[in-house]
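What follows is each chain in one-letter form.
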Amino acid sequence: RQELLKWNGWGYNDSKFIFNKKGQAEFTGKRYRLGGMVLPTFKEWIEKTFGASLEHKTTSRASLNVNDVPPSIVNEEFLQDLRATKISHSQDAEDRVFRAHGHCLHEIFVLREGMFKRIPDIVVWPVCHEDVVKIVELACKHNLCIIPFGGGTSVSSALECPEEEKRTIVSLDTSQMNRILWIDEKNLTACVEAGIVGQDLEKQLAESGFCTGHEPDSMEFSSLGGWVATRASGMKKNIYGNIEDLVIHIKMVTPRGIVEKNCQVPRMSTGPDIHHFIMGSEGTLGVVTEVTIKIRPVPEYQKYGSVVFPNFERGVACLREVAKQRCAPASIRLVDNAQFQFGHALKPQVASIFTSFLDGLKKFYITKFKGFDPNVLCVATLLFEGDREKVLQHEKQVYDIATKFGGLAAGEDNGQRGYMLTFVIAYLRDLGLDYYVIGESFETSVPWDRVLDLCRNVKERIVRECKEKGVQFAPLTTCRVTQTYDAGACVYFYFAFNYRGISDPIHVYEQIERAAREEILANGGSLSHHHGVGKLRKRWMKESISDVGLGMLRSVKEYVDPNNIFGNKNLL
Amino acid sequence: TVAKQTTEWLETVSHSLFVCSQQKELTTKKRDEFEDILEERRLSSDLRYAMKCYTPVIYKGLSPCKPNDIKSAVLQSEQVQYVIKQLAKEMGESPDIIQEEATEILDEMGHSMQLGAVRFFAFTLSKIFKRLFQRVCVNEEGMQRLQHAIQEHPVVLLPSHRSYIDFLMLSYLLYTYDLALPVIAAGIGKADFLGMKIVGELLRRGGAFFMRRSFGGNRLYWAVFAEYVKTMLRSGYAPVEFFLEGTRSRTAKTLTPKFGLLNIVMEPFFKREVFDTYLVPISISYERILEESLYAYELLGVPKPKESTSGLLKARRILSDNFGSIHIYVGQPVSLRTLASGRITRSPYNLVPRHLPQKPSEDIQEFVSDVAYKMELLQIENMVLSPWVLAAAVLLQNLPAMDFELLVEKTVWLKGLTQTFGGFIEWPDNLCAKKAVVSGLTLHSNVARLVDGHVVLNDKGVEDGAIGEIVFKRALTILMCATYRNQLLNVFVRPSLVAVALQMTRSFRKEEVYSCFSFLRDVFSDEFIFFPGISLKDFEEGCFLLTKCDAIQTTQQEIYPTDKGSVTVSFLSAMFRPFVEGYQLIFRYLSTETKEAFTEKQFIPGVRNFIFQLLEKGNTQCYEALSSDMQKNALAALVQLDAVKKKKVSNGFTYSVNQEAVNKILDMFQARIPVQKPVAARL
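In order, the protein sequences belong to chains U and B. Heads up: the first sequence at position 205 corresponds to 205 in the working numbering, and the numbers run straight through without jumps. Heads up: the second sequence at position 573 corresponds to 573 in the working numbering, and the numbers run straight through without jumps.
Careful, some of the hints might be misleading.
What the hints assert, rightly or not - Straight-line distance between alpha carbons at most 25 Å, and here's what the computed PhoX-like set of lysine-lysine pairs gives: (1) U:K404 x U:K390; (2) U:K48 x U:K347; (3) B:K601 x B:K647; (4) U:K22 x U:K347; (5) B:K60 x U:K467; (6) B:K632 x B:K645; (7) U:K117 x U:K48; (8) U:K166 x U:K557; (9) B:K415 x B:K435; (10) U:K370 x B:K66; (11) U:K324 x B:K85; (12) U:K362 x U:K303; (13) U:K469 x B:K60; (14) U:K236 x U:K203; (15) B:K66 x U:K404; (16) U:K294 x U:K390; (17) B:K548 x B:K30; (18) B:K258 x B:K374; (19) U:K404 x B:K71; (20) U:K370 x B:K601; (21) B:K66 x B:K52; (22) U:K48 x U:K469; (23) U:K368 x B:K60; (24) B:K664 x B:K595; (25) U:K43 x U:K16; (26) U:K396 x U:K324; (27) B:K89 x U:K48.
No wet-lab data here; the hints were simulated from the structure. Since the structure is predicted, the reported quantities are computational estimates derived from the model, not experimental observations.
Could you put the whole structure together from the sequences, leaning on the hints where they help?
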């Protein structure tokens with residue numbers, strides 16, 4: 001798998017944005033619907049939004065310079081013990097660098113232009129629960145540091161090795177523990193090894209006619225164990241639930257031993273749920289090896305949809321109403337105007353005059369006839385799932401609500417494109433990096449009544465901070481409401497700017513991101529909805545969960561892992 | 001101990017650094033140029049001006065709406081509905097009835113801005129202002145900054161309050177500069193202002209809205225009012241304007257701030273309903289205050305005529321009078337977000353729904369108070385001082401008459417001193433000193449006159465009439481004259497109190513002088529504007545300014561007047577003598593003449609009689625102690641110093657005196673006992 005993926009960017013090697021010989025943007029590869037298509041207006045959008053120009057280009061190192069990589073320091077006795085277990089392992093520089101990072105901006109930047117100060121000394125690939133038990137035992141025996149590694153999609157600096165760690169760091173790659181152990185059709189559960197990657201899990205379950213329905217945006221690369229360790233959230237949580245709703249049983253190997261429950265039941269009252277110590281523990285307590293997860297029959301029918309609203313306020317009001325009536329479709333998302341325009345810029349060249357004529361007609365209807373301002377309007381994308389009849393019924397209900405808030409149905413195609421874009425958008429940063437544009441996403445959850453204020457204030461704060469920090473071009477700040485709950489919503493921000501003329505862009509970027517987080521907290525938003533804390537957001541933990549709360553977590557850590565074998569220093 | 005010494009040392013160093021930076025500020029203060037807006041009015045048609053195309057710049061996030069939409073938004077708001085429901089439950093009444101009441105309150109209070117009324121105002125005010133005033137000067141750069149600010153964030157205008165002209169003038173000014181007219185939270189007593197039916201209604205259509213001056217425990221009123229103001233701000237509909245001082249200062253001395261309204265306008269930011277809020281201090285200085293004699297009467301306890309419409313018509317007489325120039329200095333907009341950064345912990349606002357009324361935490365209260373004082377100090381900084389203000393200050397030290405040449409000489413000397421202290425003097429058209437003083441005397445002929453090369457107080461009729469009448473007349477004139485000197489006081493208060501302390505302690509030891517300074521600062525905390533809790537800094541600033549004008553020299557432990565500085569020191573201390581003496585008289589009254597608990601209504605006439613008698617007998621010359629303003633402040637000071645107990649009763653407050661404590665304070669004043677040492681460790 002490592003071969004298929006970029007070493008210094010997001011996703012597959014063959015999939016990326018490029019500017020072709022005509023200077024037009026194009027997305028390569030055949031993996032996505034956008035693959036191989038020319039995007040005629042995209043270049044203009046980039047130039048307009050960021051003030052970037054194709055003439056100003058930075059280039060990443062073409063490949064890893066092995067000489068830069070910190071040497072692997074592993075004690076011989078441990079190596080001997082490890083060999084005896086027959087667990088495959090590697091001290092190869094590329095293998096180690098690949099597992100030394102997640103996908104935070106600064107990490108990718110380091111890959112392109114520098115080198116990490118500290119990376120794992122050795123990578124091990126256990127193939128089953130027992131292997132993990134052995135590795136943890138060895139680590140305890142030799143006093144090593146283990147950092148579990150799943151899909152490597154972390155965006156919280158969770159995979160970064162603590163620089164001051166003197167012990168040998170073992171990267172425990174779970175990718176070879178990727179089997180579905182059993183499927184229980186009567187109870188609709190499946191026991192799965194934790195290293196399985198989202199898309200493989202769904203593919204394999206689909207062969208038996210099932211799915212988990214858990215689809216985080218990173219599902220192509222992220223792993224089941226990673227979801228558990230970060231308290232992940234999936235796009236379709238309205239039907240299937242977030243990871244905490246999906247998990248029935250967890251097996252985790254800790255330095256203290258194995259932790260698990262004695263039964264696989266939907267709910268139990270046996271004190272605080274130990275699953276909740278594990279979910280969100282971010283690799284600080286042990287390695288999740290096996291998870292029993294709920295499954296559902298693959299839905300008979302899927303339908304995308306989209307609604308245009310005259311402005312963001314109306315859109316949020318509509319989502320709130322949908323949540324109130326508890327009739328949210330599998331997924332409902334509201335993108336603001338900037339993101340709508342961005343989506344527009346990613347429209348491929350149209351095949352025929354007829355479609356282009358239709359597009360024109362639609363645009364005319366919405367902007368001229370209905371009086372929507374194209375620089376203010378926003379779009380909600382919808383995904384319905386279930387049996388056909390119910391879907392259609394459900395669809396009508398949602399569109400009826402939308403109409404009350406001034407929404408206009410804008411077609412299936414726009415909806416589908418919206419969801420496709422969330423997968424593709426991650427590739428965009430690599431293109432930006434080539435042209436002095438850096439950016440990142442961050443998220444939060446917030447009570448309904450504060451959604452609008454938070455979105456506005458965070459954007460404004462970013463713009464202001466950029467100005468103060470000497471960023472010479474107006475930044476792109478855009479947000480979308482990606483999840484609705486009874487009591488609030490999840491809001492997702494993208495933020496990017498052109499850093500030409502700044503000597504230390506990463507530092508500036510981090511300061512601004514920090515200010516944005518401060519702003520979120522001041523507006524009553526959470527530290528994180530699903531990305532987790534890692535090392536990036538640790539400083540706010542105390543404020544988030546109180547002194548005592550932090551002490552509670554610390555005492556669990558102290559009991560479970562007194563010698564800090566799982567020493568990635570996340571969270572606490 | 002080493003660690004302790006080190007931290008102390010560090011504190012000293014950082015403190016002196018702080019003071020240094022502040023001193024730099026004092027010397028490099030730069031102010032904008034003024035522009036006379038009446039000049040153009042005198043040259044071109046008022047009618048055309050009133051009918052000009054008026055398209056004010058607006059807040060960038062504004063969604064357009066009508067006054068009525070705002071009213072219904074206020075009524076329907078969760079905040080108001082919550083209080084309505086609560087009240088309905090408590091009083092066992094139907095919510096509809098209370099809702100009805102709320103609607104009435106809103107109608108009484110709410111503004112309804114109509115362009116026609118605005119144009120009518122523009123026309124009439126042009127006419128009136130041109131007759132009343134010679135010039136209306138504005139710093140145009142300030143207006144430009146304001147214009148920029150209005151587009152950026154919601155804006156709160158915080159003008160000083162010396163006259164009813166203040167808000168008329170400010171609205172007029174904004175109209176002239178094509179800015180959105182402010183909605184004004186002007187206080188109204190039961191009858192006084194709304195009683196002016198026609199004018200009141202016109203003002204309302206011009207955008208003013210009104211707040212009852214006292215609505216005691218009326219929760220509904222408070223809820224409706226607060227929500228109304230906040231809705232204005234959140235929507236960015238128009239700048240909100242109110243007076244920090246709460247009421248017109250009758251003495252031309254800035255009043256200590258009121259916090260209620262400031263609390264309200266800051267709340268949308270605390271709750272992050274807006275990204276930021278700009279607070280704009282505005283200093284409006286009058287060369288001659290329209291209500292000057294009214295104020296003097298009022299301070300002496302003679303009931304003022306009600307401000308009814310007919311009363312205002314009678315005031316036509318005034319129209320033929322000359323009131324000199326007005327200077328309006330629009331200060332730098334201050335970002336509330338910047339002020340709050342690092343000071344406000346946010347969690348209290350995150351854990352309670354935002355529409356619930358919430359008593360501000362101590363942190364917040366302290367912050368609001370700090371901001372209020374800061375804004376008032378900014379107002380003071382840009383108040384324009386006329387030559388007459390200087391002359392009045394000199395004259396009051398040389399009563400009843402003084403040689404004209406000497407007055408001129410002293411006035412020029414005081415000008416230099418005032419500038420050293422950072423005062424903002426506008427010397428008209430580089431007039432020579434003599435002419436400037438003469439022109440001041442002409443403008444204020446009701447206060448003082450030039451007779452045979454001598455300047456004398458204009459207290460006509462003093463010679464004949466009963467002794468009581470003589471005292472009264474004299475007091476009236478002195479209080480009017482003091483109104484002008486008073487404009488200097490907040491600029492002079494820090495160095496002057498150092499000077500007073502130097503004389504009181506008769507010691508050069510820095511520590512003792514500081515103790516005395518700090519005592520005086522506490523006693524006068526309602527009389528002058530001090531930023532809370534920085535006594536030491538104030539002291540150092542005072543010392544610094546005195547050093548700067550060569551009045552004192554300081555060493556590590558000592559402060560002493562220089563040879564030529566003794567004149568300055570005596571002048572400065574004489575400037576504040578009316579307060580030092582006046583307070584002692586009032587304290588004496590309290591310590592000897594009051595036995596039982598009393599109300600303010602009983603206190604004022606009591607103390608007035610007491611002082612009146614002393615004046616009649618010639619036992620004191622301190623006419624200013626007759627001022628009810630000083631009397632109230634002195635009482636408030638004793639309450640703060642715990643020498644008087646203030647107790648809430650059903651309709652107001654009662655006071656009871658702790659004789660012993662008051663005597664002790666009196667003793668400190670007379671330097672019979674040393675002032676108790678405050679913490680002077682860092683000196």
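So, going through the hints one by one against the coordinates:
With a CA separation close to 22 Å, the supplied pair K404 of chain U and K390 of chain U stays within the 25 Å bound. Using a Cα cut-off of 25 Å, the hinted pair K48 of chain U and K347 of chain U holds, with the two alpha carbons roughly 16 Å apart. The straight-line distance between the Cα atoms of K601 of chain B and K647 of chain B is roughly 14 Å, inside the 25 Å bound, and the hint therefore holds. About 17 Å separates the Cα atoms of K22 of chain U and K347 of chain U, which keeps this hinted pair within 25 Å; it holds.
Restraint check for K60 of chain B and K467 of chain U: the C-alpha separation of about 18 Å stays at or below 25 Å, so the hint holds. Proposed proximity of K632 of chain B and K645 of chain B is supported: the alpha carbons are some 14 Å apart, at most 25 Å. With a CA separation close to 37 Å, the supplied pair K117 of chain U and K48 of chain U exceeds the 25 Å bound. A distance of roughly 20 Å separates the Cα atoms of K166 of chain U and K557 of chain U; the hinted pair therefore holds under the 25 Å criterion.
A threshold of 25 Å between alpha carbons decides the hint, and for K415 of chain B with K435 of chain B the separation of about 15 Å falls inside it, so the pair holds. In summary, the hint linking K370 of chain U to K66 of chain B is supported, as the alpha carbons are separated by about 23 Å, within the 25 Å threshold. At most 25 Å may separate the alpha-carbon atoms for a hinted pair to count; K324 of chain U and K85 of chain B meet this at roughly 23 Å. In summary, the hint linking K362 of chain U to K303 of chain U is supported, as the alpha carbons are separated by about 21 Å, within the 25 Å threshold.
Under the criterion of a C-alpha separation no larger than 25 Å, the hint pairing K469 of chain U with K60 of chain B is consistent with the structure, at around 23 Å. Distance check on the hinted pair: K236 of chain U and K203 of chain U sit about 17 Å apart at the alpha-carbon level, within 25 Å; holds. Taking the CA atoms of K66 of chain B and K404 of chain U, the gap is about 23 Å. The hint holds against a cut of 25 Å. Distance restraint check for K294 of chain U and K390 of chain U: the Cα-Cα separation of roughly 22 Å lies within the 25 Å cut-off, and the hinted pair is therefore satisfied.
A distance of roughly 18 Å separates the Cα atoms of K548 of chain B and K30 of chain B; the hinted pair therefore holds under the 25 Å criterion. A C-alpha spacing of about 13 Å is found between K258 of chain B and K374 of chain B, which places the hinted pair at or below 25 Å, so the restraint holds. In summary, the hint linking K404 of chain U to K71 of chain B is supported, as the alpha carbons are separated by about 24 Å, within the 25 Å threshold. Taking the CA atoms of K370 of chain U and K601 of chain B, the gap is near 66 Å; set against the 25 Å cutoff, the hint is violated.
Taking the CA atoms of K66 of chain B and K52 of chain B, the gap is near 22 Å; set against the 25 Å cutoff, the hint holds. Taking the CA atoms of K48 of chain U and K469 of chain U, the gap is about 21 Å. The hint holds against a cut of 25 Å. A hinted pair counts as satisfied when its Cα atoms are at most 25 Å apart, and K368 of chain U with K60 of chain B qualifies at roughly 24 Å. The hinted pair formed by K664 of chain B and K595 of chain B meets the criterion: a straight-line CA distance of about 17 Å does not exceed 25 Å.
Under the criterion of a C-alpha separation no larger than 25 Å, the hint pairing K43 of chain U with K16 of chain U is consistent with the structure, at around 15 Å. The straight-line distance between the Cα atoms of K396 of chain U and K324 of chain U is roughly 17 Å, inside the 25 Å bound, and the hint therefore holds. At most 25 Å may separate the alpha-carbon atoms for a hinted pair to count; K89 of chain B and K48 of chain U exceed this at roughly 58 Å.
The structure does not agree with the numbered hints 7, 20, 27 stated previously, though it agrees with the rest.
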